[in-house]
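S.K.: Read off the chains here:
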Amino acid sequence: MLNIQNLVKTYKNGHRAVDDLTLAVAPGDICGFIGPNGAGKTTTIKCVTGIQDFDRGHITIGGHDVTREPVEAKMLTAYIPDNPDLYDSMTGMKYLSFIADIYRVGKEERDRLIQKYADAFEITRNLGDVISSYSHGMKQKLALISALIHSPKLLILDEPFVGLDPKASFTLKEIMRELCAGGTAIFFSTHVLEVAEKLCNKIAIIKNGRLIAFGPIDDVRGDASLETFFLELTDTDAAGK
Amino acid sequence: MKNVLTLFKIGFLSAWRNSTGSSRRKRRAQSAAKATSVLLYGVLMLAIFGFYAYVLSELFVLGGDPMALCLLGAGLGGLLSLIFGLAKTSSVLFASRDFELLMALPLSTRQVFFSKLLIVYTFSFTGFACAALPFNAVYALQFGAGPAFYLATVLELIFLPMLLATVSGLVALLISWLARHFRSTNGAMMVFSVLAFAGYLALVFSFSFTAGNSDAGMLNMLTGLSSALDSFFLTHWYRLALLGDLASLVWLLLVCALPFALFSMFCAAIYRRVNAALREKKMRRNFSGEGIRRAKVKGSFAALFSRELKAFFSRYMYVLNCLSGLVVLLLFAGFLAFGGPGVIQSMAESNVPITASQINSLGLPIFGAVALWCIGLSPTTAAAVSMEGRQAWIVKTLPVSTRSIFRSKLYVQLLVSLPVVALSYAAYVLVLSPALADAVVLALFLLAADCFFALLGLVFNLRFPNMDWVNPNDVLKRSAPVVLTMVVDFALVIAAGVLYYFLGLPFAYFAGALAILLALASLGLWAWCQKGGARRFMEL
Chain A
1 MLNIQNLVKT YKNGHRAVDD LTLAVAPGDI CGFIGPNGAG KTTTIKCVTG IQDFDRGHIT
61 IGGHDVTREP VEAKMLTAYI PDNPDLYDSM TGMKYLSFIA DIYRVGKEER DRLIQKYADA
121 FEITRNLGDV ISSYSHGMKQ KLALISALIH SPKLLILDEP FVGLDPKASF TLKEIMRELC
181 AGGTAIFFST HVLEVAEKLC NKIAIIKNGR LIAFGPIDDV RGDASLETFF LELTDTDAAG
241 K
Chain U
1001 MKNVLTLFKI GFLSAWRNST GSSRRKRRAQ SAAKATSVLL YGVLMLAIFG FYAYVLSELF
1061 VLGGDPMALC LLGAGLGGLL SLIFGLAKTS SVLFASRDFE LLMALPLSTR QVFFSKLLIV
1121 YTFSFTGFAC AALPFNAVYA LQFGAGPAFY LATVLELIFL PMLLATVSGL VALLISWLAR
1181 HFRSTNGAMM VFSVLAFAGY LALVFSFSFT AGNSDAGMLN MLTGLSSALD SFFLTHWYRL
1241 ALLGDLASLV WLLLVCALPF ALFSMFCAAI YRRVNAALRE KKMRRNFSGE GIRRAKVKGS
1301 FAALFSRELK AFFSRYMYVL NCLSGLVVLL LFAGFLAFGG PGVIQSMAES NVPITASQIN
1361 SLGLPIFGAV ALWCIGLSPT TAAAVSMEGR QAWIVKTLPV STRSIFRSKL YVQLLVSLPV
1421 VALSYAAYVL VLSPALADAV VLALFLLAAD CFFALLGLVF NLRFPNMDWV NPNDVLKRSA
1481 PVVLTMVVDF ALVIAAGVLY YFLGLPFAYF AGALAILLAL ASLGLWAWCQ KGGARRFMEL
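Protein sequence lines, in the order shown, are assigned to chains A and U.
Heads up, the first sequence is in the working numbering, so the first residue is 1 and it goes up one at a time.
Heads up, the second sequence is in the working numbering, so the first residue is 1001 and it goes up one at a time.
It should be emphasised that the hints constitute simulated quantities derived from the structure, not laboratory data.
If you're wondering where the values come from, they're calculated on a predicted model, not measured in any experiment.
Be aware that one or more of the hints could be misleading.
Stated by the list, open to error - For each label pair, taking beta carbons as the anchor points, the in silico distance ranges come out as:
{"id": "1", "chain 1": "U", "residue 1": "S1184", "chain 2": "A", "residue 2": "D53", "range": "37 to 43 Å"}
{"id": "2", "chain 1": "U", "residue 1": "L1523", "chain 2": "A", "residue 2": "A24", "range": "40 to 46 Å"}
{"id": "3", "chain 1": "U", "residue 1": "A1302", "chain 2": "A", "residue 2": "D53", "range": "26 to 32 Å"}
{"id": "4", "chain 1": "A", "residue 1": "R125", "chain 2": "U", "residue 2": "A1302", "range": "24 to 30 Å"}
In this text, a Cβ means the ideal position worked out from N, Cα and C, and glycines have one as well.
Required output: the full structure, derived from the provided sequences and hints.
M.R.: And the structure:
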């Protein structure tokens, strides 16, 4: 579903944020993307979602090249940033309707999915309020619902558990498993290694813009816990330098 | 007092200190450039009013009442101050974004309120001084003045803005109070502010058109003005105070300071309550149960367009800024409709009555120039890209082409401006009945101008975006695209006027050629938007 090949992104100040990164996420995969702060996780995600251009490499989503067929690629994708800035002047319902209109979700389907996810995240009675009155967690929940109501084939989440209350985190994990069982590919960045360990079947570790480990989680970590493996790997890499 | 001054400093100067440069040196350079532009703007305003006062001074001598020059300066200053106040007072006193932050600090409500009132007073003072100071200076230079005149001038410059700030504050309070009763408080505040703005402008227009621009007309007006001003107690005291009458000066200062003090005390007492009420959550639709089934379904472009429309109408300053030119055009059309050919005659500065057959040879270029100037004054597109700000990630990740995004932004400008342009065009055609060819060319010219400025604003915004703004006014009022579009607008009106005058071509030929040029330029700009513009948008 998601193929990234030899991705290179250098910022104007000369900093190479992503360096020759290659990975693939198949339908039904939940791939955790982990790495220290400033490793290049968000930059990679922004390149995949079309927010940022990149210098070299290819990214395809469902076979559509994100630079040549951006609209077709985005039609299959849903993205939630780490700090969702939504349209403050809209009500929650208006925002969801706007997203559903753009993704051409039929009336019956959108009504059903908005009801389902708004109830799951316990935000139904707040949908009539303007987004500016929402707390950070409520904005995060609304962004999640907006990503789910068009049944994406690829779900990209940047630190999705930050700001969510324990119940909403649990609900999100359940929904991620349910989507994965339905064939949706999920690619998400996180600092919570326990979550990645329990939820993902694939893991990608990035440091200084380079992918230093990638594959099925059991193959990558071996007998060690993901936390131990991650700390050893990132420390070794630092010591090597 | 120290806290009040600190808050005032932060509130008043933050706009000029808000620089987004990547290095300290760049930020300093940006701040210096902003300070210089403000200084230059102030000097320019003083110079313009000074020149205007100098030209008028001869007429006032002919009218036999040179002191009326000072009264006119005070009147103009008062009007400027009220217009400044309308744009600023509501947002400073009753809709300030930092209200919750300030109320959470260990400061009294009075301290917060007085720091805000000081900002309102500063705006009132600036507006008033811009006109009153040069008029009084010209009077002193031309006719000579004693120490009493200078003393009265200084005291009046300090005290009269208090009265103006009180009026602005009361208007803002009324607007806020009325707006609170509507479901969309923000929208209601916008509508009332635009209406008040139109009211102020209508006052100036009616005054200007009834006076006429010819010497005889002006002289008549000035004679009438002198007697009218004397019959009003405030201006009567103002005149006497400038002439050295101490009692009048004291009365005038009391009349300015007392309402200001009463208003300050009253507002300080209700400041927290009014602001809290304005921020109260309105009862919205409850979507529990069957509610969700009421949501409407739109096409993807219609959704983009309504998002853009919502973004425009949800920002008070955005609407006020972009509608100012169109309100002027609408008022001009209104005066044309009700004043008939006399309005054109007064604008043409002619003493000789114009025959019906001649009226269009004057009216068409005047109307064309006014409409061109108003259309290009502040198109919505000049800030539309920057206004995406931190939410730009949403449209960038949506499955829509950049072409559709740009189209939705252009359509908002056209939706806002075309009805006003069409209405003013209809007023002109119905009142002055131009020849069919002239009427058709005028329509095409207006359409081409509207498209051109909508696209020009968009292109400038794509070339010089500011996505990291904190205060939206940085983008809406002081950003490079807005200023550049305005500069091109002024330059185009002047260049077209000069060319029309020197070439001496019939209006239909000249406006037709200009319409073709604007249409070609629009096509060029649209072609750039689709390639270079789309690339730039994705890089933002």
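S.K.: For every hint, state whether the structure bears it out.
M.R.: Hints, verified against the model:
1. S1184(U) with D53(A): 37 to 43 Å: For S1184(U) and D53(A) the Cβ distance comes to about 39 Å; the hint holds.
2. L1523(U) with A24(A): 40 to 46 Å: Cβ of L1523(U) to Cβ of A24(A): about 44 Å, so the range 40 to 46 Å holds.
3. A1302(U) with D53(A): 26 to 32 Å: Taking Cβ atoms as reference, A1302(U) and D53(A) lie about 29 Å apart, which means the hint holds.
4. R125(A) with A1302(U): 24 to 30 Å: Since R125(A) and A1302(U) have Cβ atoms about 28 Å apart, the given range 24 to 30 Å holds.
This entry satisfies every hint, going by the numbered hints stated previously.
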